[in-house]
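There are 2 protein chains.
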Amino acid sequence: MVEDGSPALRELMAILAPHTGGAYIVGLTGAPGVGKSTSTSALVTDYRARGKRIGVLAVDPSSPFSGGALLGDRVRMQEHATDPEVYIRSMASRGHLGGLSAATPQALRVLDAAGCEVILVETVGVGQSEIEVASAADTSVVLLAPGMGDGIQAAKAGILEIGDVFVVNKADRDGADATARELNHMLALGERREAGDWRPPIVKTVASRGEGVGEVVEALEKHRAWLAETGKLAVRRRARAAAEIEAIAFAVLRSRFGSLHGDSRIAVLADRVVSGALDPFAAADELLESVE
Amino acid sequence: MVEDGSPALRELMAILAPHTGGAYIVGLTGAPGVGKSTSTSALVTDYRARGKRIGVLAVDPSSPFSGGALLGDRVRMQEHATDPEVYIRSMASRGHLGGLSAATPQALRVLDAAGCEVILVETVGVGQSEIEVASAADTSVVLLAPGMGDGIQAAKAGILEIGDVFVVNKADRDGADATARELNHMLALGERREAGDWRPPIVKTVASRGEGVGEVVEALEKHRAWLAETGKLAVRRRARAAAEIEAIAFAVLRSRFGSLHGDSRIAVLADRVVSGALDPFAAADELLESVE
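Protein chains in written order, with my numbering: chain C, 2 to 293; chain S, 2 to 293.
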C-alpha cells in the first residue's frame, strides 16, 4: 500500500500511529562497491544474536535500472530469509524522487508498528537524494572502502556532515589505514564542536567475515544513548516529522492549486503574471486565498 | 534589492509587472572550461551588431567560493563595459540555492522591465541546480568542448533533455567533430519526437575568434520563432510563472507554520506525530486548517 501510494494509506497511517515510536532507525549509505549489503547483512546477524527484531529497507532513489542490482544484493541476505524476526524489503525508484522520499517515512512507520526494534535503511549511492533519505534515520552510518577516493567524494557530497558513525569496510585490503587516517583528518578539519558534542567514531570492518561488526553495533548503541541523553533524539524526530507533515500539506495544496492546463487556479494566475497584469507576490497571495 | 531579498521587493515587482514580457531569455550552461563566458561575450557582440539591448546575468548556484572566479570571468567581458545598451550582473551563491533560484526570475524581471530585448543567463556547472536555473529561460543553450568526456557527463546530468541548441565550442581543437558526432548520436538515441517537434541543432564555434557565433544566434532566433508559432513559448512561460508563484506561496505558508522551536503550529503537530498521538496526514490537515 505504501509503495503504490494507495488511497487507503491515510487510514492505514492513522491506525498505525499509536503503535509507532519504538524503533531505532539506522541509515546506511556509501558509494557502490563499499559493501553496503554485506554490512547490512552482518549487522542483522549481530542484532539477531542480541535478540532484536529487525527491519531492513533498501532504497534506491537514483536509478530506475538498479532494481535488478538490488534484487541481486538481496540474495546475499538469504541467510536471514527464513528468520521470522527479520523483515527485508527493497524499494526501487519508480521514477520520481519525491515519491520515494515520501514513501520512505511511511514504510518506516509500518515496520516500526510491526514491532521492529531496529530498522536498517540502506541507500545506494552518495548523492543529494541519499542525504535526503538518510535524514529519515536516527543515526546515519557512512560506509567507505580503501582505495576508492571516497574521502574526496564524501566531502563533495556533503556526506561528512551527515555521518554519525563512519565505517571503513574491507579493512583487510591495502590502504584501509590510509583511508581511516584521511577520513579522521577531514573530520578534524570540519570540526566546529563544543563540549559534549558527538564525535563520530571510525570503525574498521571486514563485513564479509563479520570482523568489527560488533564494534559498529556498540558505536550505534553509544550514539543512540547520546541522542537520548542530550534530547537530540527528540529534536531529530521532531524535524523529521515536521518535514513529513509539510511535504504532505504542500502536496494537498498542490492538488488544490490545479494543473497547468485549462482554467485551474494556478494556470489562470500564471497567465496573468506572464502578461504583466499581476506580479508573482500578488499572485501567490491570491492563490493562497483561493484555496483557503 | 533582488539580491538582498529587500522587503520592498514585493512593491518593486508590482510596479515592474506591466513592463515585463518583452525580453527573450536565453540560458547558457556547460561544464567549467567549455568557454561559457567567452561565448556569452561573443553572443553579446553579435546581438549588439544587430542593434539589440542586452542583459547578462551570470549565476553560480553551486559554490560559495567561485565569486572570485566569476568576477575574473567578467574581465573578459570588459569590451562591453562601456556600452550603455549592455547590462552585466554576476549573482554569486549566498549559500542557499532556494534563495538564488528565487532571485533569478526576479532579476530577470528587472532586466526585462529595463528594456533588455535579449537576456543571457549564464550558469556555472552542469548539476541539478543549473538545470533549475536553466528552466528560467525561453531557450537553453548547452555548451560542450572537445575532449572533456562531456557527452557522458551531459547525459548523466540530464542536460540532453534541457538543450534546445547545442554548441561545441573550441571547434579548432582535436576531437571537435567526434564530440559533435557523439552528441548527435546521443540526441538521436533519446529521440521520441513527433512531426513538428524541435530538433536541437548542433553548432560548432570558436567563440574566442567569433567563429560560428552568428550561426548560434540564427539557431536561437529559429527556436524563438518555433516557440512562438507552436504556442510553446506561452506554455513554457506559464510553467515558469506557476513555479515561481508556488514557491512564493509555499514560502509564505512556511513562515506561517512557524519554526521548529517553541510552540509553533508545526512544532506542536510534529511532536504529536512523534509521540504517535497523530498520523502525518491528519497533522497536515490540521496544519493547513490552522493557517487558513
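None of these hints come from the bench; they were simulated from the model. Be careful, since some hints might not be right.
To be verified - Output of the computed footprint for chain C on chain S, the stretches with three or more beta carbons under 8 Å from beta carbons of chain C:
{"id": "1", "segment": "46 to 55"}
{"id": "2", "segment": "245 to 256"}
{"id": "3", "segment": "268 to 274"}
Stated by the list, open to error - Partial list, derived from the structure: chain S residues whose beta carbon lies under 10 Å from chain C:
{"id": "4", "residue": "P147"}
{"id": "5", "residue": "A285"}
{"id": "6", "residue": "D286"}
If you're wondering where the values come from, they're calculated on a predicted model, not measured in any experiment. Beta carbons: idealized from backbone N, C-alpha and C, even for Gly.
- [ ] With chain C as the partner, please determine if S/P147 meets the hint condition of a C-beta pair closer than 10 Å.
- [x] violated, 26 Å
Task: When the least beta-carbon distance from S/D286 to chain C is tested against 10 Å, hint result - done: holds, 8 Å
- [ ] Establish whether the coverage given for the segment 46 to 55 of chain S by chain C is satisfied; the threshold is a Cβ-Cβ distance below 8 Å, and no fewer than three residues must meet it.
- [x] violated (count 0)
Open item on the list: Less than 10 Å between beta-carbons is the criterion; does S/A285 satisfy it with respect to chain C?
Closed with: holds, 4 Å
TODO: Apply the coverage criterion to the segment 268 to 274 of chain S and chain C: a residue qualifies when its Cβ sits closer than 8 Å to a Cβ of the chain, and three qualifying residues are needed.
DONE: Result for this restraint: holds, n = 5.
Task: Given coverage of the segment 245 to 256 of chain S by chain C, checked by CB-CB distance under 8 Å (3 or more) - done: n = 9 at 8 Å, threshold three: holds.
Taken one by one, the earlier hints fail for this structure at numbers 1, 4, listed in ascending order.
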